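Student: Here's the letter readout for the chains.
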Amino acid sequence: MAAKYVALPNGVSEREFDAAIAEFRAALGDDNVFVEQDRLVSYNKIMLPVPDAEHAPSAAISPNSVEQVQACVAICNKYRVPVWPISTGKNLGYGSAAPGNRGQVVMDLRRMNRILEVDADLCTALVEPGVTYQQLYDYIHERKLPLWLSCPAPSAIAGPVGNTIDRGVGYTPYGEHFLFSCGMEVVLPNGEVLRTGMGSLPNSNTWQVFKWGFGPYLDGIFTQSNYGIVTKLGLWLMPAPPAFKPFVIRYAEEADIVAAVETLRPLRMANIIPNAVVISHALWEGGAVAKRSDYYKGPGSIPDEAVQRMVHDRNIGMWNLYAGLYGSPEQIEVNWKIIQGAVKASGKGEILTAEQLGHDHVFKYRADLMQGKMNLSEFGLYNWRGGGGSAWFAPVSQARGGEAQKQLALAKTILGRHGLDYVAEFIVGWRDMHHVIDLLFDRTDAAQTEAAKVCFQELLHEFAAQGYGVYRANTAVQEDVANLYGSVKRDVNQKIKRALDPNGIIAPGKSGIWV
Amino acid sequence: MTIGRRAFVAATLAGAATAALPAGPASARILPARPDPVLLLLDASAPAAFREGAGSVLPAANLLLAGRSAGDDGAALVDSIAWLAARPGRRMVGLLRDADAVLLEQMTRDGAIRCLSAAQHCQGGEAAVQSRHRITALASNAGLAGALAGQLAATGAAFSVVSERPGGAHGDTFRQDIVAAAAAQGGWEGALGRTLALIAAGHWPEQTPDEPALFTGGAGHSGAGPFALRSFVFAS
Numbered sequence: 000m001a002a003k004y005v006a007l008p009n010g011v012s013e014r015e016f017d018a019a020i021a022e023f024r025a026a027l028g029d030d031n032v033f034v035e036q037d038r039l040v041s042y043n044k045i046m047l048p049v050p051d052a053e054h055a056p057s058a059a060i061s062p063n064s065v066e067q068v069q070a071c072v073a074i075c076n077k078y079r080v081p082v083w084p085i086s087t088g089k090n091l092g093y094g095s096a097a098p099g100n101r102g103q104v105v106m107d108l109r110r111m112n113r114i115l116e117v118d119a120d121l122c123t124a125l126v127e128p129g130v131t132y133q134q135l136y137d138y139i140h141e142r143k144l145p146l147w148l149s150c151p152a153p154s155a156i157a158g159p160v161g162n163t164i165d166r167g168v169g170y171t172p173y174g175e176h177f178l179f180s181c182g183m184e185v186v187l188p189n190g191e192v193l194r195t196g197m198g199s200l201p202n203s204n205t206w207q208v209f210k211w212g213f214g215p216y217l218d219g220i221f222t223q224s225n226y227g228i229v230t231k232l233g234l235w236l237m238p239a240p241p242a243f244k245p246f247v248i249r250y251a252e253e254a255d256i257v258a259a260v261e262t263l264r265p266l267r268m269a270n271i272i273p274n275a276v277v278i279s280h281a282l283w284e285g286g287a288v289a290k291r292s293d294y295y296k297g298p299g300s301i302p303d304e305a306v307q308r309m310v311h312d313r314n315i316g317m318w319n320l321y322a323g324l325y326g327s328p329e330q331i332e333v334n335w336k337i338i339q340g341a342v343k344a345s346g347k348g349e350i351l352t353a354e355q356l357g358h359d360h361v362f363k364y365r366a367d368l369m370q371g372k373m374n375l376s377e378f379g380l381y382n383w384r385g386g387g388g389s390a391w392f393a394p395v396s397q398a399r400g401g402e403a404q405k406q407l408a409l410a411k412t413i414l415g416r417h418g419l420d421y422v423a424e425f426i427v428g429w430r431d432m433h434h435v436i437d438l439l440f441d442r443t444d445a446a447q448t449e450a451a452k453v454c455f456q457e458l459l460h461e462f463a464a465q466g467y468g469v470y471r472a473n474t475a476v477q478e479d480v481a482n483l484y485g486s487v488k489r490d491v492n493q494k495i496k497r498a499l500d501p502n503g504i505i506a507p508g509k510s511g512i513w514v
Numbered sequence: 000m001t002i003g004r005r006a007f008v009a010a011t012l013a014g015a016a017t018a019a020l021p022a023g024p025a026s027a028r029i030l031p032a033r034p035d036p037v038l039l040l041l042d043a044s045a046p047a048a049f050r051e052g053a054g055s056v057l058p059a060a061n062l063l064l065a066g067r068s069a070g071d072d073g074a075a076l077v078d079s080i081a082w083l084a085a086r087p088g089r090r091m092v093g094l095l096r097d098a099d100a101v102l103l104e105q106m107t108r109d110g111a112i113r114c115l116s117a118a119q120h121c122q123g124g125e126a127a128v129q130s131r132h133r134i135t136a137l138a139s140n141a142g143l144a145g146a147l148a149g150q151l152a153a154t155g156a157a158f159s160v161v162s163e164r165p166g167g168a169h170g171d172t173f174r175q176d177i178v179a180a181a182a183a184q185g186g187w188e189g190a191l192g193r194t195l196a197l198i199a200a201g202h203w204p205e206q207t208p209d210e211p212a213l214f215t216g217g218a219g220h221s222g223a224g225p226f227a228l229r230s231f232v233f234a235s
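From first to last, the protein sequence lines are chains W and G. Under numbering that gives the first Met the number 0, the first residue of the first sequence is numbered 0, with each subsequent residue one higher. Under numbering that gives the first Met the number 0, the first residue of the second sequence is numbered 0, with each subsequent residue one higher.
Excised from the complex, chain W in its bound form (with noise of 0.2 Å):
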């Protein structure tokens, strides 16, 4: 351990630090650079199966403008230090704030939260990195404006920037966080700033509404990349809808899934179904408000009983399909009708609307979601086992049912082997589905920690024999999955770090980039 410091970074001895830092601080201000390890602890609680010290931060640097992250960049570059850049850090079974590699300087943009401007003719809005889901709700809601959000479960700490540029989704019909951004302005490793799209042409009034520009389309390389730092971001709001239908089809058997993808597939690509729908297994529905040891305290995986008496105590499907119906009452009225008609042609299912279930905790904060309404009940998925550990892995899935079956059952067995349980979810696009997995572990119990390490390992390459990549990786498995993309793409992403980035100072390792 570095005497004065919790960590150093790779390469940079300590008095090169104490330069670096007295730099940063200068540009920054006292109050704004953090080394001390009261300050720094929070920059290192991650819930990964691998040891805190393998990502503890040498410090945290806190900008609140684009010359300061300018600055600090120069300095960087300077003295070779490597900064890792979050906007509110919220990512949780990803990595949470801290850094990718021990010892890199967490860039915390939290101080950089304004909202720069919402149109609510073109409902589009342009905010910074440290704008939280909350604020920019709240920011609407103020001004009685008719736009909606689309956020992911940890709705009201995380930003849309931050869950945006690593690729997240959300549960209303903009659920592709993406696909509904327009527009980036990213200071580059060497300091420049770029617009992306028409925001470099000078006096544009069309960043936020036209996404391509002239040329190569970049926004997509600076997203779940290191190439630079997002200091704006553009998005597309939806109008709010005059109605809205929440409801939920329950599905009784787990092999039900197949009927369940079936049926929506074709409702989803023609937009009748115009959201993100999210189908949730039993363990992850229950999950969220109840404790394993309520209904398991025996050894190894939590067994199908287990499971069908948690579905029959809670009342809830194996499989909960949570979607929504936007428009007009009109509208809705006949896309209802053609629902209703479909899921009593697949033999399989029942739906419920508010009106049943509308006290229903659960799918209250479902229905919330799929309006962008800000919620945190998901967190309650960390009382399931307790002992605060969580990695997510998320293969991608053609929206087959054939092919969400066969996931099912391969990550049931890989899980099985560890004694994990099989707490997911489905969220569905419009072709795709995101099978998000969610390892639950004590992080206190060695023995159970390591299971979850190994579980992890064997998930990824298992599921890659078969052909299924993940859509999004933790920090402890950047190397790994990049690999599993093979050397061609790794090899690219290097090129383009190289010519951007020649002192590979921001956020090393990020997707397995390096210089």
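Source of the hints: derived by calculation from the structure; they are not laboratory data. Mixed in with the good hints there might be a few duds.
[Stated by the list, open to error] One-sided and incomplete, this derived list gives chain W residues near chain G with beta-carbon spacing under 10 Å:
| hint | residue |
| --- | --- |
| 1 | V5 |
| 2 | F33 |
| 3 | E35 |
| 4 | G88 |
| 5 | S95 |
| 6 | D107 |
| 7 | R291 |
| 8 | P298 |
| 9 | G387 |
| 10 | S389 |
| 11 | A446 |
[To be verified] Covered stretches of chain W, as calculated for chain G (at least 3 residues, CB under 8 Å):
| hint | segment |
| --- | --- |
| 12 | 36 to 42 |
| 13 | 370 to 384 |
| 14 | 429 to 443 |
The structure presented is a predicted model; accordingly, all values stated were derived computationally and were not measured. Just so you know, even glycine gets a beta-carbon here, dropped at the ideal spot from N, CA and C.
Mind docking chain G on chain W? Use the hints.
Tutor: Below, chain G without anything else, positioned relative to chain W:
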């Protein structure tokens, strides 16, 4: 947890009375029942001994109950952090269930807030017999791991206490002998509450953080049900 809803109960530790606070701006919602700079934030299901132990040191501290059983649904966490950050010199001592504690930790990432102590306390699951305690070793809670181990040893039940420094290199933990302490009133939960209150009150001397260590001892089950709690002291 619906953040829009604000309803919680505040009370002084010294008295049995509780008072429902009026609605108002977030920063004003925790109007201290007394102007004490310490807030005790507890899950409604937290052991009474912890509260009593803390109360023996901080009888005038303000009390806020969190967790679904208190009908709080997350708002208490948001408001407790707003209260803490609103004025320098405030302290917050707490014992929460995992989900709320994870959420609270996320909210403490603020330049104005320092962590004086953080620990996990679990029992149940695969290692069902043993209670397991994992402490972040800081200058402000130096000695906590050994003191807690001593109290756990006094109960005779199986336990482990791991002490880790932030950033400490992996694998440098060593075993330490345990000296069983005289059993404190309220058991280890009471002793923990009292120690954290002393830290919050500034009566626990800062020292070099504990070396990474593993304490184990006892045998058999304590008789307590499964639990997964986190204790903490934060300061502004």
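Student: Checking against the hints above, which ones are violated?
Tutor: none
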